[in-house]
Amino acid sequence: MPVVRADLNTCQGYANCVLAADDIFDIDDSGTVVLLRSEFPDTERPRIEAAARTCPVAALVVEQ
Amino acid sequence: MTRRRVAVIGAALGGLRTVQALRAAGHDGEIVLVGAEPDLPYDRPPLSKAVLSGERPADDLGLATAEELASLDTTLLLGRHAERLDVAAGDVVLDSGDRVPFDDLVVATGTRARPSPWGLPPGAHLLRTRADAVALRSDLVRGGRLVVVGAGVVGCEVAATARTLGLEVTLVDPLEAPMVRVVGPGAGAMLAEMHRSHGVRTRFGARVEQLEGTRGALRVRLADGEVLDADTVVVGIGAEPNDGWLAGSGLEVRDGLVCDEFGRASGVTGVYAVGDVARWWHPRHQAHVRLEHWTNAGEQAAVVGHNIVHPDEPRSLAPVEYVWSDQFDRTVQVAGRPEGWPAEVVGDDEAVATGRFTALFGPPDGPLTGMVAVGSPRSTIAGRRAIATGTPLREVADAIRVRTVANR
Numbered sequence: 001m002p003v004v005r006a007d008l009n010t011c012q013g014y015a016n017c018v019l020a021a022d023d024i025f026d027i028d029d030s031g032t033v034v035l036l037r038s039e040f041p042d043t044e045r046p047r048i049e050a051a052a053r054t055c056p057v058a059a060l061v062v063e064q
Numbered sequence: 001m002t003r004r005r006v007a008v009i010g011a012a013l014g015g016l017r018t019v020q021a022l023r024a025a026g027h028d029g030e031i032v033l034v035g036a037e038p039d040l041p042y043d044r045p046p047l048s049k050a051v052l053s054g055e056r057p058a059d060d061l062g063l064a065t066a067e068e069l070a071s072l073d074t075t076l077l078l079g080r081h082a083e084r085l086d087v088a089a090g091d092v093v094l095d096s097g098d099r100v101p102f103d104d105l106v107v108a109t110g111t112r113a114r115p116s117p118w119g120l121p122p123g124a125h126l127l128r129t130r131a132d133a134v135a136l137r138s139d140l141v142r143g144g145r146l147v148v149v150g151a152g153v154v155g156c157e158v159a160a161t162a163r164t165l166g167l168e169v170t171l172v173d174p175l176e177a178p179m180v181r182v183v184g185p186g187a188g189a190m191l192a193e194m195h196r197s198h199g200v201r202t203r204f205g206a207r208v209e210q211l212e213g214t215r216g217a218l219r220v221r222l223a224d225g226e227v228l229d230a231d232t233v234v235v236g237i238g239a240e241p242n243d244g245w246l247a248g249s250g251l252e253v254r255d256g257l258v259c260d261e262f263g264r265a266s267g268v269t270g271v272y273a274v275g276d277v278a279r280w281w282h283p284r285h286q287a288h289v290r291l292e293h294w295t296n297a298g299e300q301a302a303v304v305g306h307n308i309v310h311p312d313e314p315r316s317l318a319p320v321e322y323v324w325s326d327q328f329d330r331t332v333q334v335a336g337r338p339e340g341w342p343a344e345v346v347g348d349d350e351a352v353a354t355g356r357f358t359a360l361f362g363p364p365d366g367p368l369t370g371m372v373a374v375g376s377p378r379s380t381i382a383g384r385r386a387i388a389t390g391t392p393l394r395e396v397a398d399a400i401r402v403r404t405v406a407n408r
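Chain order of the listed sequences is V and B.
The first sequence begins at 1 in full-length UniProt numbering and counts up one residue at a time.
The second sequence begins at 1 in full-length UniProt numbering and counts up one residue at a time.
To be clear, the hints were calculated from the coordinates, so they are not data collected in a lab.
For every residue, glycine included, the Cβ atom is placed at its ideal position computed from N, Cα and C.
One or more hints might be untrue.
[To be verified] Here are some of the chain V residues that sit facing chain B, going by a computed Cβ distance under 10 Å:
1. Tyr14
2. Asp22
3. Asp26
4. Gly31
5. Pro56
Just chain B, with the same shape it has in the complex (with noise of 0.2 Å):
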């Protein structure tokens, strides 16, 4: 084999999964790992919830060991911003000047939380890094009240978290209800009672226009006029792929890098994308899919990795797409696309009532295709692969059904 070098280019969750990848697959080639923010690859779940809620130190998250990092014989390159990409030299141009030469190159830049159309003045917050998280978390151990602004993963949990530390919350988001995006309108409804039922205060289907004041201070106006008092603000508004240094390549870039079913950026050979800013063809919606979610960042550097290696036998996938959120006591599970609301709810009404329920996605006669599981952890497997396979709805709903009887 020749040794050929690849450059990793984002040095988080996609990043070192494909590091690891390439050494497991047999890469004996050099390996450089670039990293735009100053710390070791560490993971971002729980910035949301154990470090905001401090049961977890923010220096306590990395994703590999010291002695893991030195075993994978990787040149790390933390606290640089990618610049520039040339495809014809083989190069990546760093913020520094410096260029990294590759033979193979993988783009994991990932995403950054979407800017706030509003400003963000002192005691306003995004949530997307570990210093991101530190800061949130110095105003919130302060106690009062606080104003989330979306209603998506990310402002859910953090709003949850921010209710069992003690502070007065609202949540606010144009949507009718939490996670639309996420679960669909009818689940979201549900999720919505869950929060009111913990004494979150909810704004669903209000615009907000203005966002001023400061620390201790702050003034959230809606379009309708009422204005929402607040020490801290949270903007949780989504988050926007970091591609814009690949402009100007030649590659594909739209809303992410344009890739096939193998991770391979179209028009090139040897540039692969993975993670949230990775779009690639989807076989089985037959689109280019662009998704934002841990459990895929990890599939899609497995198969890079094996393609890289292995270039004349490579691997596709096609995900079932799998997310998950932890909010108060209750793990949401999604799986595949919660589409139009539901073909079946499994779970009598008590259940529902209680917050534990399966929802199941799809045509009733056809295949499922889509799952909420809240508070149901063994329903989310036969799910997930359940919708890998087509099977249908309907035999999933009867399998789960005897299942919960069987419980009782």
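For reference, chain V alone in the conformation it holds in the complex (with noise of 0.2 Å):
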């Protein structure tokens, strides 16, 4: 089942991967990311890669 991976050292709080899913990631007062849940099913791929791609600083990375 592929999983999403996320630096917490990288991430800045733009909060960009909220609003594209905000079932898997959340952010904390902090400002830094939160996986709701790490693994989804394959046919979630597409939408969950595109959310990571809005990462500003690459810190999200989906994983087979």
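Put the two chains together into one complex, using the hints given.
Okay, here's the thing in structure tokens:
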């Protein structure tokens, strides 16, 4: 099952990922990404890859 | 599906994201990606921050890995300028004389730094490309005095980065505060204070008349007669769309390529534009709008990728403008249009003094239309959603205030 990983040190709290997929991503009060779930079925991969790509600092990676 | 050939002119963020969106949407025909710079697609925001500070190497800004680029099965033509578009023939003429034929064309040629009207003697820099950033850094690491002409986003970021590197920095702008066009005058005044508190000298409301001298001995003469001595100068006075190559094509070019809300150029089929060069019809603003925002380029690319593959079920876009800027230890986030200062500032005096505040813009009894949040990332999420849905400003202010209190 594909997984999404977040680099918490890179995250700057721009929150584009939250706007793109708020069932997967949130950010906390310090402005750091929180993964609401990290695994998802293959059928969701295009949507979540697109959401990961909205990160201005490439802190999100989708892996198999 | 017929295997159509797509030419994407411009190989930065907008161009690459269009190619990714085309493949994600199922486009299985040929794609040609043409870039004026010799580099593989790279990201520009770090050029005025982490690259200047030395935290990130200039050659480590790639927007896609080599494997990813290979998987996109795209022909890359780099270091080539598009010179002319022949709509009737369906091809783009490059400076090499080669012609790139297309069934669908995506114009993603972006912007260039506005040239300095005072010339650019040695030690004076524009900042737009990776090569610009490398050249500027090589002067900044010598230390000394930096004068930044233009207090827009790029100018403010360069000033903050250079100050952090220990240079003596003076920020000059003809307007009364920094980033006024982006955040409005009120929030701009707060940002001016932030820069001064970090030791940046400021000359707002000051017009530059002359720039002369050479590296290490530059002089910036202001209209009031003051002369600012500098070792290095940055001229950051905005950007201009790279749309000259579309002249004579018959397309409507008006400070960018004019498109409908689906990203389609007016009056032709099969021509689209994304990113800084694109002037799309904005359904909420009822106007053609050109945005120079990172997030917007990606949003438009996703829509255009879909619309090329599914021309009979096109998606439209009514983007909530979103731009951020990192200066010193603060992130400035701007959503929508912060026009008319402001209906409401959320954050007590202490919060404002420490540079954490949220300003909400819009009619007091109407919908939220704009937001400036400094050091308040969660507010921005609420603001971007509220602007998209037309949520009343009052409701957003109450929600943010409740959150703030609950956190104490």
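Now the hints, each set against the structure:
Interface restraint check: tyrosine 14/V against chain B, minimum CB-CB distance 6 Å, threshold 10 Å, status holds. At a threshold of 10 Å, the smallest CB-CB gap from aspartate 22/V to chain B is about 9 Å, leaving the interface hint in force. Look at aspartate 26/V: its Cβ gets to within about 9 Å of chain B, closer than 10 Å, so that hint holds up. Checking glycine 31/V against chain B: minimum C-beta separation of about 4 Å stays under 10 Å; hint holds.
For proline 56/V, the suggested interface contact is upheld, since its CB lies about 6 Å from the closest CB of chain B, less than 10 Å.
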